[in-house]
Structures are given as structure tokens and as C-alpha cells.
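The lines below spell out each chain.
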Amino acid sequence: MEKSAYKGVFVFVEQRKGIIQNVSLELMGKARDLADALNDKVYAILVGNKITDKAQMLIAHGADVVVCADAPELDDYLTEPYTQAIYHIVNEYKPSILMLGATTIGRDLGPRLSARLGTGLTADCTKLEISEEKELLMTRPAFGGNLMATIVCKEHRPQMSTVRAGVMRKLPADNSPKGEVIKIEIPFKKDKFRVKLLKSVKEKGAMVDISEAKILISCGRGMANDEGLKIIDDLAKTLKAQVSASRAVVDAGLVPHDRQVGQTGKTVRPDLYFAVGISGAIQHLAGMEESDFIVAINRDKTAPIFQVADLGIVGDAKQILKQLNERLNG
Amino acid sequence: MNIVVCIKQVPDTTEIKINPVTGTLIRDGVPSIINPDDKAGLELALSLKDSFNAHVTVITMGPPQAEDVLREAYAMGVDRAILLTDAKFAGADTLATSHALAGALRKLDFDLLVTGRQAIDGDTAQVGPQIAEHLDLPQVSYLEHLDFDGKKTFTIKRRIEDGYEMLQVDGPCVVTVLSGAYRPRYMSVSGIVEAYSKNVEIWGFAQIDVDEKDLGLNGSPTRVHKAFSRGVKSAGQLYEVDSTEAVGIIMSKLKEKFII
Numbered sequence: 009m010e011k012s013a014y015k016g017v018f019v020f021v022e023q024r025k026g027i028i029q030n031v032s033l034e035l036m037g038k039a040r041d042l043a044d045a046l047n048d049k050v051y052a053i054l055v056g057n058k059i060t061d062k063a064q065m066l067i068a069h070g071a072d073v074v075v076c077a078d079a080p081e082l083d084d085y086l087t088e089p090y091t092q093a094i095y096h097i098v099n100e101y102k103p104s105i106l107m108l109g110a111t112t113i114g115r116d117l118g119p120r121l122s123a124r125l126g127t128g129l130t131a132d133c134t135k136l137e138i139s140e141e142k143e144l145l146m147t148r149p150a151f152g153g154n155l156m157a158t159i160v161c162k163e164h165r166p167q168m169s170t171v172r173a174g175v176m177r178k179l180p181a182d183n184s185p186k187g188e189v190i191k192i193e194i195p196f197k198k199d200k201f202r203v204k205l206l207k208s209v210k211e212k213g214a215m216v217d218i219s220e221a222k223i224l225i226s227c228g229r230g231m232a233n234d235e236g237l238k239i240i241d242d243l244a245k246t247l248k249a250q251v252s253a254s255r256a257v258v259d260a261g262l263v264p265h266d267r268q269v270g271q272t273g274k275t276v277r278p279d280l281y282f283a284v285g286i287s288g289a290i291q292h293l294a295g296m297e298e299s300d301f302i303v304a305i306n307r308d309k310t311a312p313i314f315q316v317a318d319l320g321i322v323g324d325a326k327q328i329l330k331q332l333n334e335r336l337n338g
Numbered sequence: 003m004n005i006v007v008c009i010k011q012v013p014d015t016t017e018i019k020i021n022p023v024t025g026t027l028i029r030d031g032v033p034s035i036i037n038p039d040d041k042a043g044l045e046l047a048l049s050l051k052d053s054f055n056a057h058v059t060v061i062t063m064g065p066p067q068a069e070d071v072l073r074e075a076y077a078m079g080v081d082r083a084i085l086l087t088d089a090k091f092a093g094a095d096t097l098a099t100s101h102a103l104a105g106a107l108r109k110l111d112f113d114l115l116v117t118g119r120q121a122i123d124g125d126t127a128q129v130g131p132q133i134a135e136h137l138d139l140p141q142v143s144y145l146e147h148l149d150f151d152g153k154k155t156f157t158i159k160r161r162i163e164d165g166y167e168m169l170q171v172d173g174p175c176v177v178t179v180l181s182g183a184y185r186p187r188y189m190s191v192s193g194i195v196e197a198y199s200k201n202v203e204i205w206g207f208a209q210i211d212v213d214e215k216d217l218g219l220n221g222s223p224t225r226v227h228k229a230f231s232r233g234v235k236s237a238g239q240l241y242e243v244d245s246t247e248a249v250g251i252i253m254s255k256l257k258e259k260f261i262i
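As they're listed, the protein sequences go chains A and B.
Everything in the first sequence is counted per my numbering, starting at 9 for the first residue and increasing by one.
Everything in the second sequence is counted per my numbering, starting at 3 for the first residue and increasing by one.
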């Protein structure tokens, strides 16, 4: 493989019903960093049905070029049409790097595509950087978050990775840069479309995306009762924060699963993270340690959470939060 | 109806601890288990055996001791077990692993291929879809429920972030199953007794249909550049003070950060 023929940092832009997903904008932010380090360009791959008008938004978030495949075959996500589209684009443009969100779409499309391309794919990366040899260093957790591994894809291109929502930072929208939008026709092989979508159902219930929250107050085992949750809810209202929780609290049924932080829940990086009554199992730390500022309150001064906290308080979380709320309202 | 289930023997990662002095994994005494998503996949296959008299083959790739998970699958009720093991497979990343498994699967006749969504030691969720691609079969990942019409059509509930999708596909196809989808049955006592007299077929490179260059370390596009235990961020200040003083400290920090 002639590696030098492969150029550009490409992001597969995920849209659902025409709505660009945040994870893709976060990836664009990272792609900008990587492209700058390589003195290269950021390409957004935008595929869907009647979605060309979204290209400008991608340019505002860091893309130099938007490669757009707009076709009725790409209306809803299905593995095969999307794989054919991205495979065609990769063969036309020969990306050096291709990133996808580690969502139920990216984790279905990514491996299928990597096998068709015969290249490597590194899942759920938490850190991406460029080495001195201009290669992509992809760092990810393994063994349930107990170990970190940095992966390279030396001899194959594109270097593919998926990244979970909330791990990278999106750039603030800037409408001044001029980007290029290229429309591309996909020569579909429709006889390979063998899976039919009967229906797509959104489930009821207030969906809260804690990975979008600026402030999170996270409830651990030490606060996992009605009184503790009430105190947390009250403070959350005052601070306009969202409530999240550790796995133990979610498993106990006290907080819904979509609010779980950690390896098996969500990765969050709010401006402020309160860890209340959370001891800090490694699986939990994996999901929150990138937060800007971490305040931990726990009775046990040996709790591992204090190792990642910017401010640690040893004490009774109920009392402290109650008083804090009173003073904020007072 | 023939079903093949791919399973993996994994260390129970919830039992793994880090040696705080050396920063290395403590794997001694950590039990090996059938990967949870794969075990749900086994249950899906066995429930189709109950309803449609399907023949269930289980296959695993791994070192010789991976035979244990095949015996466990026998005790749950599978009909045939294959251990894919060869020095040529060593050092495989997900792509090379999927090539080896696809090579074995080309030798088997099936209507449905079941894998777990992902394994708890790697969490990549890649091998199932990669096998599907090598075999040119349709795939449905994140399976939460499957209905079979008794002929050739599967109706599948696929779990996604904010709901689910209902998908339809004819066999042969590949599905990847979520651990919560099917509660695995227990091994029966007679099953456990019989499991040890049943034949586990050992297959190596010679028994499968694959290009040798796609296997093992040589067939792996990705390499581990380095592995390390999670670096501990340097801890901030720790205060052991009464609650009034604690509140004061928090308030001043929040002001400093322009949060209040």
C-alpha cells in the first residue's frame, strides 16, 4: 500500500432524520486538531436523504470540505447502503484517517466497512493524537477500563477509529470560513440490500443526555436513598444541573440507566462534576475523569474518587449539600 | 434449521484488580467465563432449538483451555462444539480473528449465525460484523429480540440509543446479541455429566478455508503500540473540615470558576 497516496482527516457525519448528531461535531473538533498537526484538511462525509443543506453547519464546525452523498437509498441508516456509500467515498478520496461516532450506527458501520476495506479499526478511543512519524495514536480502555492501550495502524489506510459521545470537544460554530461542498453519486448495488427496516420507534420518557450537561451532580451508593436523592435534586435545580449516578445506584433502580456515568454508561466531561457519595470504581472514573472541575464529597478519605478530584471534601455529603443549597438560595 | 453460535472465553473483568504498586493487572485467580453477550446468544439459539428443533453448533477460537466454555455450552444443550485453535491464529486483532472464524464458518452450513455484540475484555463489537462482511451475509447488530417465521424470515428488534428498530431479513444472516436480550438457562445436571463425554472437535488452519496471510499477527492491521494502567490524575486538595467550612470552600471554588 502506498501510504502517501492517502490524505485528509475524514469524519463520518451521523444524522438521524436529518439531524446532525452531536458526536459528529465533537469528532470534527478533534479532526481539526489532527489535521492541523498533519498540515492537512478536514473532510466531513455527509450521507443521507435531502441533507445537502446541512453542509454549511459542518463547515462552521471545522470542515474544510464536505463530501455529500444525498440519495433516497440513504434515508434511514441501514448497514449495507451506508457501507456502500462510505466505501465508494473512501476509494475515491483515499483518507489517511477516518473517524466515526461509537454509537449503534458507528459500531455497526465501522467494522463492516473496515472488513470491506481490509484495514484496521480501533473502537471507543478516548484519546487521538499524531505521533512524530505522523501516524495516528489511538488510545482506548481495555479489560473493563482496567488497562489503557495505545493502538497504531501502520501499514493500512485509512486509519479508522470510533469515539464515544462526550469524549471530544466540538468547536464553537464559526460562520466565517468558506468551505467546499462536493456532491457525489453512489453506484449502489441494490441486490445487496437484504435487510428491511419495518419501523423505527422512539421510546417515551424524558430522554436526557447527561453527556451534554454543563454541570452534573452524580449520586453514589453513599447517597442512594430517597433523602439523599431529594437533596441532590434540590441542589440540581438551584445550579441548573443534571443528575447522574454511579452504576450501583442505577442497578438499584433509583436512577434510570440513561443517567449512568462510567464504562457501561456514558462518558461525560461537564464543566463541573459533583461526585457525591461515590467511592470511584475504575469503571466510574473512566467515564468522568476528563471533567473540567471535579468536586468529590465522601466519608471515606481513602476513596479512589479523591485521586481524580480537584477538590475533595471528607464529610457528610447530605449535610454539606443541604447547607450549600441553602446558602446558594439565601 | 442450523444455527452456529460464536462464543468467547473471557476473564471476568469485574474481578480484575490493579496492583497498586506495579500498576499491572492482577489476573491470578480471576475466573474465566463465557462472554455475557455470547451467552445470551447461546440462549437465543437454544430457544430456537426448543421451538423449531434447530441444530445448534457452537464455535470458539482460543487457546486449548477455551474447551471449558464449549463443555459449558454442551451442558446448556448445544449439539456440536468446535474449538478453533492454531499457533497461526496467535496475535490476531479483530480483523484477523474475524478472518479465522469466517474461514471455519465457510465449512459449516447454517441459516443463522449468532455472535454476542461485544466481549467484556475488549468491548470492540467488531468481530460479528466483520465475519458477516467476509461471508457476504447481511447483519443485524444490537439484537434485543428475534422472531422466526418457521421458514426463512427473521424479524428482529434492534436496540438503539433512543428507542428501537424492527428489521426483517432472510437467512442466512448474522446477528449480534445484547446480554440483556435472553436470560441464559442453567446447565442441567445430566447435561453437565454428559458434557464431559461429548466430542469437542479441534480445528486448525488445515481444516478451514482462509488465506494464511489474513491470519494472526501478520493479518492484523492494528498493533498495540503500548499498554499501560490508567494514569492517575494528580489529586487536588483534600479537606477534612466541618460542613460549614466545607460549604465555604465549595462556594469560593464555584465563584472562582464563574459557576455562581
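Derived from the structure by calculation, the hints contain no laboratory data.
Check before you lean on any hint, since a few could be wrong.
Claimed, not checked - With a cut-off of at most 30 Å between alpha-carbon atoms, the simulated DSS-like pairs for lysine-lysine come out as follows:
id	chain 1	residue 1	chain 2	residue 2
1	A	LYS25	A	LYS186
2	B	LYS90	A	LYS198
3	A	LYS11	B	LYS90
4	B	LYS255	B	LYS90
Claimed, not checked - What the simulated footprint calls covered on chain A by chain B, stretch by stretch (three residues with Cβ under 8 Å from a Cβ of chain B suffice, anywhere in the stretch; the number is not a length):
id	stretch
5	32-42
6	180-190
7	302-315
8	328-338
Beta carbons are placed, not taken as given, at the ideal position from N, Cα and C, and that holds for glycine.
Please work out if LYS255 (chain B) and LYS90 (chain B) have their alpha carbons no farther apart than 30 Å. It is violated: about 58 Å lies between the C-alpha atoms, which goes past 30 Å.
LYS11 (chain A) and LYS90 (chain B) were given as a pair; does the straight-line alpha-carbon distance stay at or below 30 Å? Roughly 27 Å between the alpha carbons, so the hint for LYS11 (chain A) and LYS90 (chain B) holds.
Would the pair LYS90 (chain B) and LYS198 (chain A) pass a check requiring their Cα atoms to be no farther apart than 30 Å? 37 Å, violated
At a Cβ distance under 8 Å, does chain B reach at least three residues of the stretch 180-190 of chain A? violated (count 0)
With a cut-off of 8 Å between beta carbons, are at least three residues of the stretch 328-338 of chain A near chain B? Coverage by chain B holds for the stretch 328-338 of chain A (5 residues, Cβ < 8 Å).
Claimed coverage, the stretch 32-42 of chain A by chain B - three or more beta carbons nearer than 8 Å: violated (count 0)
Sort out whether LYS186 (chain A) lies within 30 Å of LYS25 (chain A), counting only the CA atoms. Given that 30 Å is the threshold and the Cα spacing comes to 26 Å, the pair holds.
Are three or more residues of the stretch 302-315 of chain A within 8 Å, CB to CB, of chain B? holds (count 6)
In summary, the numbered hints that this structure violates are 2, 4, 5 and 6.
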